[in-house]
Structure formats: structure tokens, C-alpha cells
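With chain A's structure known, arrange chains B and C on it following the hints.
Chains as they are written, first to last, in the numbering used here: chain A, 181 to 480; chain B, 306 to 679; chain C, 11 to 280.
Honestly, the hints are just simulated from the structure, not real lab data.
Yeah, the Cβ is synthetic: ideal placement off N, Cα and C, and Gly gets one too.
It is possible that some hints are incorrect.
[Claimed, not checked] Stretch-level coverage of chain A by chain B, calculated; a stretch enters the list once three of its residues show a Cβ under 8 Å from a Cβ in chain B:
| # | region |
| --- | --- |
| 1 | 364-376 |
| 2 | 379-385 |
| 3 | 438-450 |
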Amino acid sequence: MSPVATRALKGALIIPLTALLSWVLVAALPLRTEGEAKTETLRSLQAQLEADLGLGQPLGFLRPWEKLLAAERLGDGGRSYTGAELMRALLGSLRIGALALLLSLAGGLLYAWALSRTAGRWVAVGLRSLPPLIYALPTFVVALWVARSTGLAVDDTEAWQYEPIAAAVLALGPAAFVGAVLAGALEEEARRPYLLAARARGLSREQAWWRHALPNAARAVLDALPPLATSLLAGSFVVEKLFHLPYFGYLYLDAAQHRQLALVVVATTLFAALLVSVSLGTDLLRSWWDPRTAAAEDAR
Amino acid sequence: MRARPLQVQPERSGPEPVLEVTGLRVEVHAGSAGWLPAVEDVRLRVGRGARVGLVGESGSGKSLTAQALTGLFDGRTLRAQGQMRLDGRPYELARPEAWRDVRGQRIGLVFQDPLAALDPLQRIGTQVVEALAIRGGGSRRALRARAIELLRQVGIPEPAERVDAYPHELSGGMRQRVCIAAALACDPVMLIADEPTTALDVTVQVQVLELLGRLQEDRGMGVLLISHDLDLVSRWCDEVHVLYAGAQVESGTAARVLGQPRHPYTAGLLASVPAASHRGARLPELTGGVPEPGRLPTGCRFHPRCPRADDRCRTERPGWTRMKDGAVRCHHPLEVRSGMVAGAPEEGAPDDHRPRAVADATAGGSGGGPEGAA
Amino acid sequence: MNRLRFWIGAAVVGLLLVASWLYEPLAAWEALPACPFGPDPTFPATDTVCGRTLVGLRRSVAVGLFAGAAAAGLALFLSLLGRWGGAWIDGLIARGADLAFALPDVLILILIAFVVGLLRDAHPGFRPDALLVIILSLTVVGWAAPTRMIQRRLSTLASQDFIVAARALGASEPRVLLRHLLPFAWDYVLAIFLLRVPATILAESTVSFLGFGLPPREASLGTYLGLNAVSLLRSEWAVMVPALVLLFLLVIAFQWLGEGLLGRVQERRT
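Bound-form chain A, shown alone (with noise of 0.2 Å):
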């Protein structure tokens, strides 16, 4: 079997995996009790082990998808979901996920580029030193700080118009990331020769860069699509929560919160399904990019 196949099938492992996981840390948790004092929030838990939980059941791990795919819902009290109510969330917050993406690559190339035309030692230092800045921001900083002029989404239907600020907000912190990935990635391309060679068949400083300097540093971004991947899914909670978009983030702060403990297995293993499928496009992305990783992998 190819290598990337292998790869997928254990990727694909890791999805069950974790919702077997997670719904054995919440079964095993000490939530029952067998005294008088049972308080509502108690009650409301235990129904829920198994009810959406499917506690004392066999195969009742499976019992959360079951329902989802139902079109039953999962949770209780004013907090529960149907498995589309879900779907429309998640596809909302991937929307946003996908555009503050391409706005970080976006802001991260202008930085490396930025930074290969200046040529005063002052603006590289300056240059230079604003990506440290930025990760010191949190990106609830920036967030509270941009939604001040802003505003805020009011009400659920008029938050598809506050994706593209969000998704900028979100962008910030990874498209440093990006941008000092590059950089230094581009500053080891330099000293190739094959620039040089390049160079040498009459392109300009600017052609070398863009044809053959910047695929090659493109590389070492591609590496780095797992961890921003990471950071932006992170980042997509404080976002959601604070221009009050309704998608899969703030629906997961709000399960969190409230004690659902079905929404939160199931969120967990949606998080971790999309994070495997990152990895595996990363690879796939990379073997495509690079023609020696691909030799390399069939070599083994």
C-alpha cells in the first residue's frame, strides 16, 4: 500500500479512536451518587449519561451518533442540537477557519516579501521585530479591540456579516507565524546556488525570487499547516465567543459550560477529525509540491 495510504488509515484510526476516548472519560467519571441530596444539576447529568450517553448499554458509546443521525436532539434543556444544527455550525466556523487561512498565507507572504525589498537595516529591524509583538497579543486583545469599532453580531441572523472581521482578527496571530516561517525559510533559500545559476540565465532579482526562491521556502510553510491549523482552531473559540457568532466554537464554550456532556464527546471528536485531516492534507500536499518526497517515500 502507498505510503500515504497507510498514513490515511491510521489518521482514519484516531477518529474513533478519540470518540471511544472521550466517552470513556465521561463515563468513567464518579457522577453518580446514590445519596438524598440530588440537586437538579445532578439529576440533569445522570439523565443525560443515559439518555444521550447511552450509560449501562452495550455498544452505548455509539448512542451519541445514533441520535445525531436521527435527527434526534442531542442535549437538553434549551441547548440541544439536531446533527444539521450541528453541521450548519461546524460549516460556519469552517468558512471563517478557511478564510482567516488564506488571509494569514496572504499576510505572511506580504511580510517575506516585505522584508526581501527593504534596504534600510532600520525598516528589516522593525520589520523584524513585529512578529514577536504579535504574539504577545492575544488574540482577545486584538478581538476586543477591533470589535470596539466594529460591533458586535446582535442576533444569529446578522452574524454571516461579521465572518470576514473575524476571520481578519483570526488571521493576525497565525499570519505572523506564517510570515517569520517564510522569512527565514527564504533567507536559507538565498545562499542556493541554484538562485544564483538562475540568476546567471538573465532573470532579475524579483524572477528568481518568485519563480524559484519562494516555491522552495514554500515548503517549510507547508510543514507549519498543522500547528496554524492548531492555533486558528483555538483562536476560532475566542472569536466566535466575542463577536457572538453562533458557530461550532461558541457552541462548544456554551455545551462546556452547561454541562452537556453528550455535545461535548461528539465536539471533541469532530475537533479531532479535523485536525487528522489536516495532517493527512499536509501530507498530501507536500508529496505533491515537493517531487523528492514523493521519490523518497517510494524508495522506502
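Structure of chains B and C alone, referenced to chain A:
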């Protein structure tokens, strides 16, 4: 008196040389020390169909010379001065942006490490015709056909299939052929090869040199071969210039330089090469290293390593001493005594390994030696 | 340059901490002017914005230092364990760290808070200290990156001649580790610890902002900002400013502190 470039074999060079370089000076920027000269006052002439060699250890400035002649410097860490006449047209070396069209089109450059000189992410066909592509060389089909043709000319088997290969799929010798093909894409009049065989196996070296020779004859190009290997250069080139610490110290026909070196450094280079069978030489092996640009000795640059150095060498820079077939820059050039080098062992001069007949060194006139002292 | 950053960072951290310790007693003695930002929105009767912010600063620093130290300590322990146990254990630890590193830290922190919350709801007697919980969670999340770095460092150190010589002389492995390797690794570990602090403070403040970190009664800077985020809508922006500024200064100062030390350590090695 206008300094004229060193011309060793006038009848070989034809009516007008392809490349004439005068007053070449390259400086490197060394931080707080400012601009330091790395190459000084180099003069070269390469005729049509001529093979000129530039020899020196690492640090002698030979690669910088190649970079200067192709304008591959950025003015921030490296800068150059001097005049160059390429195919009759004059160029100011200090301003490479003015003659960017020369690079890759009229002068081709071949590098030392063919794997590093090729972009690993692009197919070799694309890279071979890149010099044409950026100048609007035609449709994709036309470019591809040209790439295949070039690959065939450099001896790559099955070029129509190999044109889509990636650099890592080829062997070292093949890759160097690809680099040569890329340098020839626009039919340049001049080729500069910077250590083209150093990174290759010995058997492949011979093949690549033969290829270069054949291509040169077919196209009537001038070739400047740069190497640290005096033996190799002397066997392949007609004319040899020896570079030490950024200055030319000896020039001449290859036969003469190899057989009767006049400069102690040249002799030392030969003595340290196993192929040149100098056994039990009274000339010691070369010790020490080439001085860095900022730490050049006073007077003759070679005097700290020269067994023949005296006070004059330590204070006064030597000028050119012209000879029948070349010139040397030394206060006390080694003497020639009936075909043997003074101070050399009693054995005769090493065998002439070159496959081509050597033009009679004495037939050349005395014209062309650089006037005046440096 | 590195020394400059180190001392600037140390100076800023020192200043902030001194200010935070001095504020309460001075305010009690009425030696200071009234806080220009007014009373605290959540506890208007007892606290001012300045007071809450400065106390929150202390908590953020405390969490950062303790959790950072715990993470660095755990990383050192695991790295030494790997060295002692041989290539297989070392590789296992490395792979585990890489895996843990790939997980989003905010997510794990929320999960831990979730589980702790569940247990608290189920068993009213179970009242763990919020500070302790957050420090432990941050340690769980923060051990992976330092472990890899320290592992690599020990590896480079171990290949140096004096270590090889000690082994050749027949010293046992734990002895070699403790007496020969460790003394040379301390400065690096210290730098790693100091570099963990800003990352930990950032993670804690994000998680507290979202409501899953320190509770309002024991607010850190992050909690404070989270509680008052709603004031944006009412345009009472000013109450957030000191906390925002202090948080940023704190993170930068610790970053410079750590980077300065790391730079010096690396300079001395070469």
C-alpha cells in the same frame, strides 16, 4: 600608457576576441572594515574558439571574477569595476543593471555543483530553456522542442522523455550536462565554467570536458575555464592564467605554464599535484594558505610563502615581466634552463598529457604584454 | 543585545510586581489618589479598577511562574529519564511529546475545566483550589515543547568529549547524568522555564477570558477582561485599558527575559 590585456597566442584569437577584460577589480564588503579588494587588476582576453583557463586555490578570487563578468553582484556585499568588451561591445562592469541582457544570453555560466545549481522543484526542461522563456522565446511547444534539442546536443539519451524529469532523478554527470545545456540555451558567444567538474567522478569529468570541447568547436564559442586544478586546466586549455590572492601572477600557453612555470607559486601548485611527477623537489610544498582580502601582505603577496623572497619582495609589488609566450609577475622568476626549471629535480619536464597538438610556443610574437609595472 | 533585553525584561517585571504589591497597602492608607478608572464593575463596593487589575496581574504572574516551573521541571525529568532509560524510552517520550504538541492547548484546558466542573457538580464536597487546578492544567498542556528542546540539548551535550570520557572511565549512567551532564544543562533549563512563562500567561488569560480559568473572585487579568468584555457594548471602554496594557507588557517583558537568557546561554556555548 594604456594597459592592454594579456594576449598570449595572437594567431589563435582571430580578428576580434570574444571577451576582453581590463582593469577588473572586485571588492567585498567586510562589515566594519569596509570594502576590501578581493580581486585586483585582472586582464583577460578570450578569442573566438579559444580556451582560456583561470587557476587558483580557494580564496584566490576566481569565482568572484566569474561573478563580476556576469554581473551577479548586488552592490551591497560585492562590487566590481573595470571594462569588458564582449563581442566588440563595451560594458562597464560597475553597472550590471545596464547590461542584464548579456547574462544568460551572450555569456553562459556553468557552476560547480550541478545538483545545487538546479531548482529541485522544477523539471529540467523548464530550467534548460528558462533563459529563452523569460525573453519571450516562443510558445510552450517551441520551447519544449528547443529544450529537447539542447538536451540532445549535450548528450542526454532519450531527451524527449528526460525533458520532464526532475533534477534528483538524474546522475551527477547528467545534471552537469543539463546545466551546460541551460547555459547554451540562447547561443551565447562566451561560456564561463566555474569548476564544472570538481563535484563529479573522475570518469565523468573526462566526459564533461570532452563535451565542452566539442560544443565549443561546433559553436565557435570562447570558453573561460575556472579551476583549482592546474593540471586539468593545462591539459584542456590553450592559455592559462594563475591567480593568487586576487592578482594574476603568471600567464602563458598551457604547455609553457605546465612545463616551465616561472612563478614560484605556480611551481608550488604543480609540486603539490601528484600527477606532475616532481619527486624530491628542492622547491618545498606550499605551506600556509591564501591571505584574506583584508590581510594582504605588503609588497609581493606571495612573499610569506615563497622560499625565494627577499627584502625587495617584501616591500615592492612586482610588475609584469614579459616573455616569449606569456608573462609573470615576480621579482625573481624561476629560470628556464634547457627545458628544466631551476631548482626542480633532475628529471625532465613532465610528459605532455594533452591530446591536442600544441602550437609552437616560440612562434608567437612578443606583442601584447602589459605595459609598465603594476 | 541579549543582556540588554534580559535586564529590560527583568526591570519591567520587577516594576510591575512591586507596583502590584505596594498598591493595596498604599491605597488603604489613602496615600494614593483615587483610581482614575473608577470602581470595579463587578465588585463596585469593594474594589477599584486599579486594585483589581494589579491584583489580577499578580495572579497571572503567579500562575505563569508556577505552571512554567512545573512544565519545565517535568520536561527536565522526562528528558533525564529518557537519557537514562536508553534510546527506546527516549524515542517514546519524544514521540509522545510531538503528539501532545500537536493538540490545541486551549481545547485541552477547556476539557479539563469541564471535567473538574462535572466532578464539582456531582460531589459538593469536592472543592479544589481554582489556582491549583489551573496550574496543573497548564502543566499538562505545557510539558511537550520544553521536553523536546531539553532532550535535544542533552543530546548535544552528551556527545561532547568530557561526557564520553566520563563514561569511558566507567561511571554509571545515573551518575554521569547527575554529576556531569546536569550542571551544564541548568542554564538552558532556566532559559526554557523563563520562556514558558509568557506562553503560559497567554494560555491562561485566554482560557480565563472564555470563563474556564480563574473564577471572578480570584480573577487574573484574563478573567477580568472576560468579565468586562460586555462593557464594550456600553462603550465603557476605559475599564479595560489598564488590564490590556499590563497584560501586553507582562508577556513582552517575560519574553525578553527568557530570550535574553537563552541568547546568553547560546553565546557562551559557542
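Next on the checklist: Please verify the coverage claim for the region 379-385 of chain A: does it have three or more residues whose C-beta sits within 8 Å of some C-beta in chain B?
Outcome noted: Since 7 is at least three, the answer is holds.
Next on the checklist: Taking beta carbons only, do three or more residues of the region 364-376 of chain A come closer than 8 Å to chain B?
Outcome noted: Check passed, 4 qualifying residues.
Item to check | Given coverage of the region 438-450 of chain A by chain B, tested with a Cβ cutoff of 8 Å and a minimum of 3 residues | outcome: With 0 residues in contact (Cβ-Cβ under 8 Å with chain B), the coverage given for the region 438-450 of chain A is violated.
Going down the numbered hints, you'll see the structure goes against just number 3.
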